[in-house]
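Asks: Make one complex out of these two single chains by using the hints.
Protein sequences appear in the order of chains B and A. Each residue of the first sequence is one higher than the one before, starting from 1 at the first, in my numbering. Each residue of the second sequence is one higher than the one before, starting from 328 at the first, in my numbering.
No lab work stands behind these hints: they were computed from the structure. Certain hints may be false.
Claimed, not checked - Within a straight-line C-alpha distance of at most 27 Å, the following computed DSSO-like cross-link-like pairs (lysine-lysine) qualify: (1) B/Lys50 <-> B/Lys9; (2) A/Lys567 <-> B/Lys233; (3) B/Lys247 <-> B/Lys281; (4) B/Lys247 <-> B/Lys233; (5) A/Lys567 <-> B/Lys50; (6) A/Lys567 <-> B/Lys247; (7) B/Lys9 <-> B/Lys23; (8) B/Lys50 <-> B/Lys281.
Note that the structure is a prediction, hence the values are computed from the model and not measured.
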Amino acid sequence: MSESTARVKALAAHEYRAAVRSKILLVLLGILVTITVVSVYVAAVDHRSKVADYAAYRAAAQASGLARIAPSTLAPLSLLRGALEYLEIIGAVVAITLGYLTVSRERANRTLTLIRSRPVTAGELASGSLLGAVGLFTTLVAATTIVGVVCVGLIGNDWINAAQGFKLLLAAIAAIIYLGAFYCVGAIATANTRVAANGLMIALGIWLLVVLILPQLGDTLDADNQIPGGLFKALTLDRAGETEILKHFSTYETTRISIEEASFAKHYERFAFAMTEVQDKYRGFSLGRLLGAKRNDIGWMIFYSFALVFGLRWSFRRQPTIPQETT
Amino acid sequence: MTATIARQQIVSLLRQRTFVVLLATLIVMTALAGVLGWSSHHTIVGVYDEAVKLLASRGDPAPPNPFLLKPTLALLSNMVVYIPFIGALLALVLGHLSLVDDETVGRLIFSRRISRTEYMIGKIVGAAIVLVAILLASLAVSTISLAIVNRTMPTGADLGRLAAFYALSWLYLMVFVLIGMVTVLVTRRRSLALLSAMGAWLVITFAFPQITSGLRPTQSLNPIVDPASTSQAFFRFTAKARPYSIVEQYKAASASILRTAGTESTTSILRQVAPLLGLSIVLAVVGIGLVDRHDYSSGSNDE
Numbered sequence: 001m002s003e004s005t006a007r008v009k010a011l012a013a014h015e016y017r018a019a020v021r022s023k024i025l026l027v028l029l030g031i032l033v034t035i036t037v038v039s040v041y042v043a044a045v046d047h048r049s050k051v052a053d054y055a056a057y058r059a060a061a062q063a064s065g066l067a068r069i070a071p072s073t074l075a076p077l078s079l080l081r082g083a084l085e086y087l088e089i090i091g092a093v094v095a096i097t098l099g100y101l102t103v104s105r106e107r108a109n110r111t112l113t114l115i116r117s118r119p120v121t122a123g124e125l126a127s128g129s130l131l132g133a134v135g136l137f138t139t140l141v142a143a144t145t146i147v148g149v150v151c152v153g154l155i156g157n158d159w160i161n162a163a164q165g166f167k168l169l170l171a172a173i174a175a176i177i178y179l180g181a182f183y184c185v186g187a188i189a190t191a192n193t194r195v196a197a198n199g200l201m202i203a204l205g206i207w208l209l210v211v212l213i214l215p216q217l218g219d220t221l222d223a224d225n226q227i228p229g230g231l232f233k234a235l236t237l238d239r240a241g242e243t244e245i246l247k248h249f250s251t252y253e254t255t256r257i258s259i260e261e262a263s264f265a266k267h268y269e270r271f272a273f274a275m276t277e278v279q280d281k282y283r284g285f286s287l288g289r290l291l292g293a294k295r296n297d298i299g300w301m302i303f304y305s306f307a308l309v310f311g312l313r314w315s316f317r318r319q320p321t322i323p324q325e326t327t
Numbered sequence: 328m329t330a331t332i333a334r335q336q337i338v339s340l341l342r343q344r345t346f347v348v349l350l351a352t353l354i355v356m357t358a359l360a361g362v363l364g365w366s367s368h369h370t371i372v373g374v375y376d377e378a379v380k381l382l383a384s385r386g387d388p389a390p391p392n393p394f395l396l397k398p399t400l401a402l403l404s405n406m407v408v409y410i411p412f413i414g415a416l417l418a419l420v421l422g423h424l425s426l427v428d429d430e431t432v433g434r435l436i437f438s439r440r441i442s443r444t445e446y447m448i449g450k451i452v453g454a455a456i457v458l459v460a461i462l463l464a465s466l467a468v469s470t471i472s473l474a475i476v477n478r479t480m481p482t483g484a485d486l487g488r489l490a491a492f493y494a495l496s497w498l499y500l501m502v503f504v505l506i507g508m509v510t511v512l513v514t515r516r517r518s519l520a521l522l523s524a525m526g527a528w529l530v531i532t533f534a535f536p537q538i539t540s541g542l543r544p545t546q547s548l549n550p551i552v553d554p555a556s557t558s559q560a561f562f563r564f565t566a567k568a569r570p571y572s573i574v575e576q577y578k579a580a581s582a583s584i585l586r587t588a589g590t591e592s593t594t595s596i597l598r599q600v601a602p603l604l605g606l607s608i609v610l611a612v613v614g615i616g617l618v619d620r621h622d623y624s625s626g627s628n629d630e
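The following block holds chain A by itself, in its conformation from the complex (with noise of 0.2 Å):
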């Protein structure tokens, strides 16, 4: 029943045209990543040339190539913004969607012989199956920029951390999916769950880094975190749970795999995975609980 559910479900989201929308928004913002990535390139081997002349017009020595400078997967580090910004509040959409329009036939699906957690289980791997396809469309548009911009095809292990960082993605877009869920069931009006989705983005995005990492909102805009020193006995305070920020963790972790702000163990990646992984749990179980107390029989406002 729970892959009745799922197919259902992605079934409808092909039908909505949802499916088409999150592909395409995800598809462009990768496309422009890349194209940021190129722009990078021909800006810095143009400042370079021109930076070579003049320095030899005034006598001096040519600096080492920039670019050299750059890691091959730099090109992706828009990616690591747009993710949490973007990717993020795509997610909400389609877990509020997911639920939402299920408000006013829950009775009818219930009539059916199916328990609340296989429909809620279904539900959730529906959505999953959609982000898998979504960003599997997208590590292909990363991949072809990739190939252009470098002008050569990415190596096994390029292809490699690219498929752990797209990985990686999913699990955090994943908890704003079960975030956007439990909305629908802990509100009962459709524009209400919307906001309060939001309101969990907002507090996960800028709040929570800006308590314990002194992180304004434009730093958070940064692919490269650079939390406030531990100096100020405030931030010795909230420092505590920083590992606890989804977001930042997960710039960070991306960074590592994508080797664009130097290298950290597998181990302390694993350990800035562990909190994504342990929400993600909490966020299914609490509802696989939520459901099996919602009460379908008055339907949903849709103001």
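Looking at chain B on its own, in the form it has when it is part of the complex (with noise of 0.2 Å):
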């Protein structure tokens, strides 16, 4: 192992225990692992039902000697939609908290000069934080995604299969870019504030327009959600009567898209939606059409991701240092 892997590897081993350490970030986990679990046992036991209702269906058709069965339009993975959107929330706060702990811990600690002073170059430190901080969120990620896959099994009674797995496999590395990109957001802030709180303050600012208001604005600005019952069915129009009058608001429709595109919380939500059936529309997919489908959600996360990285660095670079003095 080289000098500057084991340097990283000692930074990142470094950030997971003081992660694991610090009681608010503990207390933040614990709300987030709670509901999640709490809305994941809600949709699978609404899910029971439903699979027993197919079942008594399918065994009534198989008695009565029916020669087609219609397949179950059941979708187990969109039972997870609540954890999903949990770590898309809560998650993000949990990772900005994390980002501004990494360094207004070692600022009060009078840490950070010191780290700095040492033949350790600011990517290094970049990369190993990162690494720490995303060790954590895959710890947080695969135990919310097992506690949900296990629920939806022995709760709603079906187990999801192999090729469900992977696609949720996909959810949940795209949950822990995700969060690794709030961490940035909230190192970077607090890194270039002089007062850690103001940095902090900034990143929930961010997190605010981001997660919340920038998603808000387009389902808002989207013409069906004009009327509660959809707009074109109060107009008693059909899918194409629809399409045949969207073309007349292409200017609208193209603004308001604008709107949900520059959150990246929205490309996260619909990649991961996609990934675990929620959205009907995608349900039946091979894993390369959706990949494909999504290939722009993909596109601005890694964009999004690799920004923030060097973001990270930079900011980690400008701090200052304590002057080698000689004797």
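Replies: Structure representation (structure tokens):
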């Protein structure tokens, strides 16, 4: 192992240990895991009755000698929607908090300048901290996913198959990347402000805009959402009619979609929802077709992640170092 | 002495530009709700005109204009979402800043002839007045937005409902001001205080509605609350706590006041408001109790 790799590993292990010792982070994680379990449990209980209904229909159809039995339209992975949404909203707050603590803890202990005075490059410091954080997010996402799958199987009476498991794995990787990006936001904002609390407030402001305001704006501007029950339904228009009318609102639709595109959270949500069959239109797609349909969201997630990792490295490089004195 | 503390609090927020930031954010938020309302109106009218043409070409009769189905104050339905999300976070910051700077100069303040109870009441009154001023500005922007979009001045009854909605919003936001204050008094570091207050906001806004009503986070972004049925054993048990989920009660009471989702009797609206009032009083009493025992001798750690 090269010296640089060893330093990165040491920094990552330090980051992971320090995060586990932080009480406030543990409380936030506790909130996230509790409500995730509740959301999956509630969805799984509801799903169990639908699985039983389908089994009863299937048995009755077989008993009556029906040649063609309609396949089940149930999507067990979609029960994890609540868990994905909680990772999107509360997980991002946890990630920002971890990023903020990375910088503020070292500053408060006066160890950040000390680390920077050692033969550790800004790149190694950024990579080590980010790797430690990613390690923590992997633990968190893995725990949430395993609990979710077991709840769906045991409570919902519907175990996922290997293909669904692979799609879920991709959604979990997207969640880890998403949380890593918000970790960078928290660390960058804190590293670039003199008072750490101000950095935290800036990062939370970005979170508010990206996770809550922009996606909500896009949804609110959707023409069909203007009337309870749907505008096009109120106008007695079918899908073809809706498409025809929306041709006259192309600029409006472009603006609305652009607002959503600006949100990193929306790209993660679209990708994760497609992988977990939350959206009906993607059910039954092969993996290749699914990835092709979501290439735009994948591209944006990669772009935002790389930009933030470079930002983190740049921010750490700007941290002051103790001048090396010769005696 | 309480009035002096309240005045000092307001002057301090004005000097720190906190007041301007809070005011600007809330006005932008209200204007955004107005723009969205205007956009909604414009889209509905445009889609309706195109639908009439399309249906006529197919030989179908034109349906009634759906805009007429929208209540007069529906323009403000987004405010019912923005107050618990953005407004509550701003209120947390207001409560936090009201007390956190005194952590280092507390000894000087209490060397004067002032009781800690008077000090805390003064701080609460100061923050409450700042909130009233900000919400009055928001009310003015809402009234102007309504006049522009509906092309007529709101009626006396509409203005009364608007005033009631803003009074309810003030009470809701006061809960978060008090949470911001209490977390400063129970933690030793200012950042920890802010994060603890954020944790409380996450529980109230997302966790509690999930447990009592099965509302997923994105459903919480919807102005209209649609709780899960109590047919599930889990919700038969947890729904008993639903009246104490203040964000759900706030949204339901706001929808009734603005008449954007049916109408409810004044008694049922008051029943929805009662937990908010109760929590505000409890938090104020807890805050007064905590400030009495708070140690101002060591100051706070800025990090």
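Asks: Go through the numbered hints given earlier and state which of them the structure violates, listing their numbers in rising order.
Replies: 1, 2 and 6
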